[in-house]
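> These are the residues of each chain, in order.
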Amino acid sequence: METTIATRTTVPALALAALFSFVAAPAQAQLARTFVSNAIGNDANDCSRNTPCRNFQRAHDNTLAGGEITVLDPGSYGAVTITKSISITSDGIGEAGVLVSGGANGIAILAGATDAVSLRGLTIKGIGFGGGNGILFRSGKSLTIENCAVRTLTRTANGTGGSGIYIYSETSANVTVTNTLVAQSEGVSLWLAAAGAGVTVKAILDHVAVYDGAESGIFVEQGSLGGSIQVTARDSIAAGNALSGFLVSAAAGDASLLVTRSTSANNGGAGITTDEDGGIAVLRVGQSTITGNGRSWSSFGGAVQSYGDNKIVGNGDGDPAIPTLIARK
Amino acid sequence: MKATIAPALALAALLSFAAAPAEAQLSRTFVSNALGNDANNCDRPTPCRTFQRAHDNTLAGGDITVLDPGGYGAVTITRGISIINDGIGEGGVLVSGGATGITVAAGSSDAVSLRGLTIKGIGSGGGNGIVFNSGKSLIIENCAVRTLTTIPGAGIGIFVRPSTSATVTVTNTLVAQNVGVGIWFSVATSAVSLNGVLDRVAVYDGQSSGVLVDQESGTGSNVQVTAVDSIAAGNASDGFVVQRTGGGTASLVLTRSTSANNTAAGLRVIGASRFASLTVGESTITGNGSSWSSSGTLQSYGDNNVIANSDGNPAIPTVIRPK
Chain A
0 METTIATRTT VPALALAALF SFVAAPAQAQ LARTFVSNAI GNDANDCSRN
50 TPCRNFQRAH DNTLAGGEIT VLDPGSYGAV TITKSISITS DGIGEAGVLV
100 SGGANGIAIL AGATDAVSLR GLTIKGIGFG GGNGILFRSG KSLTIENCAV
150 RTLTRTANGT GGSGIYIYSE TSANVTVTNT LVAQSEGVSL WLAAAGAGVT
200 VKAILDHVAV YDGAESGIFV EQGSLGGSIQ VTARDSIAAG NALSGFLVSA
250 AAGDASLLVT RSTSANNGGA GITTDEDGGI AVLRVGQSTI TGNGRSWSSF
300 GGAVQSYGDN KIVGNGDGDP AIPTLIARK
Chain B
0 MKATIAPALA LAALLSFAAA PAEAQLSRTF VSNALGNDAN NCDRPTPCRT
50 FQRAHDNTLA GGDITVLDPG GYGAVTITRG ISIINDGIGE GGVLVSGGAT
100 GITVAAGSSD AVSLRGLTIK GIGSGGGNGI VFNSGKSLII ENCAVRTLTT
150 IPGAGIGIFV RPSTSATVTV TNTLVAQNVG VGIWFSVATS AVSLNGVLDR
200 VAVYDGQSSG VLVDQESGTG SNVQVTAVDS IAAGNASDGF VVQRTGGGTA
250 SLVLTRSTSA NNTAAGLRVI GASRFASLTV GESTITGNGS SWSSSGTLQS
300 YGDNNVIANS DGNPAIPTVI RPK
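First to last, the protein sequences are chains A and B. Reminder that position 106 of the first sequence reads as 105 in numbering that gives the first Met the number 0, one-by-one numbering, no gaps. Reminder that position 266 of the second sequence reads as 265 in numbering that gives the first Met the number 0, one-by-one numbering, no gaps.
Quick caveat, the hints were computed from the structure, so don't treat them as lab data. Even glycine gets a Cβ: it sits at the ideal position worked out from N, Cα and C. Just so you know, not all the hints are guaranteed correct.
[As the list claims (entries may be wrong)] Here are some of the chain A residues that sit facing chain B, going by a computed Cβ distance under 8 Å:
hint : residue
1    : P73
2    : L98
3    : L180
4    : D308
5    : I321
Modelling step: build the complete structure from the supplied sequences, incorporating the hints.
Given below as structure tokens:
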């Protein structure tokens, strides 16, 4: 009897002690808020305010799930792979940058199916040397990207990468991009997709501007593995891209995009377009301006629908009306 | 033997040159008014003092980061590069002596970005704020361009006149109190296409026109601009102008924007109707000397607020329908 009690109490106590010693080790103590500094950071530090770390990855690894990384000063903080709920926040302290090269990703999110991730005030820039993507989302529950700029991502020699923001989620997720610029990408500038059957990704684009890419601007694509991608874009712009401004495509599953109060201008291909080859692709547009594009709109399968209140003028195809109108209510 | 020694010496000389710290270009460079020095290599611990020195020491495709508030001098950009100030305080450039604050003379495939900069003319001989001569794309975000003063042909806030086909975007930017045109889109030669976007751009209180879309040079050149959520107000000439005097086309599509309190016309189109066009919708035109004037194509979506201009607010005769 006594032996049994001793055994039962001793083992948990030892385990608890071991846990405490692990948590208490200075290099291992995760914090709710960590700090990064280009000026004085050092990755041998614990990332507290007085002894900040140098890179996002070290800070991420030393931040508790649900915690936050605060940027202290302007500079370059390196690529990071996010695997838990966390926010990385730079609020007007100067450029908080990540340079991308060598086929890597600037910020990759591979979080758990219940994790919430936020990125605010970051600048991601491709510098050539082997391509890469700016922000890649593979899993998580929700992602918000605010006040960010993603520029000049380049492709690899074999044509992969080069996207500014690439949402390709294996978990059902909500994704929001707001007040963010994606510019001068070699690949699709802003690409949204669910990664397979049973996955539903819902996205909001608000005050997002996608400029001067060498591919399409905003591409809502449901690939051959199926799944559902549903995107609403408002007060956003796709301009100066070499192919389409807004593009919806579904090889399987369904892909839909609602474009309101937005602008598609000066794109080499169509201002708005759908492509359907086995799935269901729908693009609805209202209160928007479509001008200066190679074509105003096109549909290679799927549905382009208008609220009848768009300004479609000055495109290379003579501005045909969108035949399918939907009523405002 | 001699033949091998000479290349070896040359190689040694080359290596020592490449290894000289002052010459090693970086992907990211830093400028600081507080502690920068142009004798430095512009890395984070030893930032440079001026944009030009940082530009010269930044790899093509790289980035210049502003570390603290101050004046960073005029710069001529000749490669794909970005200059970024994200709320660290004023990242300033003063302009005088007929010079230009920021000149972009980049290659025809180069992408250039400017973010968070303040360019200000201080008289003393005039000059222009930002001039785009060549490049593939230029994006101007969150900038302010003020009080440029004139010598003949100058005093312009943002002067876009490329010799290469290009896209130029100005967003969330103020252009104010300049002696010349606020924002001037044009082309420098034949067979060049310029596509412009203005998004949340405000052009205030200039002594010339606010926004000028001007195809004035070369045959087969086109200048095509889309403006949304923008405003031209208080300018001593016109608010928004489309002008075609060269051998190409000039067009402006103006949406959800305002032209107010300009001394002459709120909207003006100059040139034959096939080649000069201005389309306006969901916009407000008020308080101008005249609401509009056109010798080209001026068309309205019929949903504009045209009121309290000195000419009695005549309707724009050509109305087109939304789709």
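> If you test the structure against every hint from before, which numbers come out violated?
Result: no hint breaks.
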